[in-house]
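Asker: Read top to bottom, the protein sequences are chains A and B. Numbering that gives the first Met the number 0 puts the first residue of the first sequence at 0, with every later residue one more than the last. Numbering that gives the first Met the number 0 puts the first residue of the second sequence at 0, with every later residue one more than the last.
Pulled a few chain A residues facing chain B out of the computed Cβ check, cut under 10 angstroms: (1) Cys10; (2) Val52; (3) Glu56; (4) Leu63; (5) Ala71.
Since the hints were made in silico from the structure, they are not lab data. We put the CB at the ideal spot given by N, CA and C, even for glycine.
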Amino acid sequence: MIASLFDLTLCLLILAAAGAAVFGRAAFMAVVFFIVYGILIAIAWLRLGAIDVALAEAAIGAGLTGVLLLAALARITRRIDAPEPSTGPDRTTLATALASLVIASAIAFAFLTLPEPQGLQERVAENLADAGAENPVTAVLLNFRGWDTLLESIVLLAALLGIWTLARDEAWGGRAGPRHVTRPGGVLAQFGRVLPPIGLLVGIYLVWAGSKQPGGAFQGGTVLAAVWIVTIMAGLMQAPRVADRALRAALVIGPVIFLALAVAGVVAGAFLVFPPVHAGWLILAVEAVLTLSIAVTLAMLVFGPPEEEEKP
Amino acid sequence: MIAPSASLLYGLCGAALIGLGLYGFVVHRRLIRRVLAFNVIGSGIFLLFGASSYRDPAAGADPVPQAMIITGIVVALSATALALALIVAYARLAQSGALPEDAAPGADDEDRP
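Here chain A stands alone, though its shape is the one from the complex (with noise of 0.2 angstroms):
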């Protein structure tokens, strides 16, 4: 594909989003700016053939990203009303500009000498018989490279918990994050009633559509958690305890299933093995269970730790 002019506006709007992003004196507009960063972005991976990577990133990238951003802005100016310290130009700024400067050449001009990719396209279409997802970055995602999502998941989990650690002792248990009040019949409120049916729809779709096209467990598990997230902060729900069951088994489950089944894959063969004439149904029952455990980690990351004293 030749460069258009719609490619190089898109890379000049990108770097201008991002500047803004960078250099903006302002902390809420920087996060505003990113937030229009991450769309952007999904444009170029549009435009890259990317369509699964275009949904991650504006689900994920830009949406939670920007989401978990303005939280941690609220909180902080919240707590201490600090203005932005100076960033005149000074001599350690502009020897950081020029060392910026030289890294990103030298790793342009690395990008300029790189061979012609081999790629593994080829292979993938080969295999994509036996791997029991028509979507072929399904099929990496869940069988072929299985390990890499079996041990993300783990992860998500495993930032959950270093943020649960920060709570204080007398908020432990008690409901994850701060309270939420909206006005009745505001914006947020009104907001929180009409997007969620629709939102349920599209994440669900986009799970169950995940094996034939473009999306998956991780982008319809985001919007899942979007959905959660909008409800809560309208008032509308409560965010659940930290301490409840029925949570805690929601946010292992889908890791739990995932590693249950890569072990039985050692009786067909080898760790991590789905056998091919069960692959489909297999995938599809790992990918409903990591969807409810990555809709509900994501969704309590962004609640955060407890802050509220546990009510006895």
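With the hints as your guide, set chain B onto chain A.
Answerer: Below, chain B alone, put in the same frame as chain A:
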């Protein structure tokens, strides 16, 4: 050498993003701005990786790098969430959004209300 194409453009864009993010990561004193800049570096690396694996539209995008990038995006989110929670906890205890060693001489009053 990759033929002049859209992937070339996006690869160079990724390299520029890595430089931009690196600058922000070093220069900013507020920790939350550093996390943001770190995410710019991350997506720059993903874009570079994706662009370098993209050959021609007939063959389609290589699914293996795509799957690895999706994994990377999720891991980056996990790290960001943990980093932000640490920063919030630090701000609660230290009453500051920046590390003491980063406070410029005389800027101490700015960091503390």
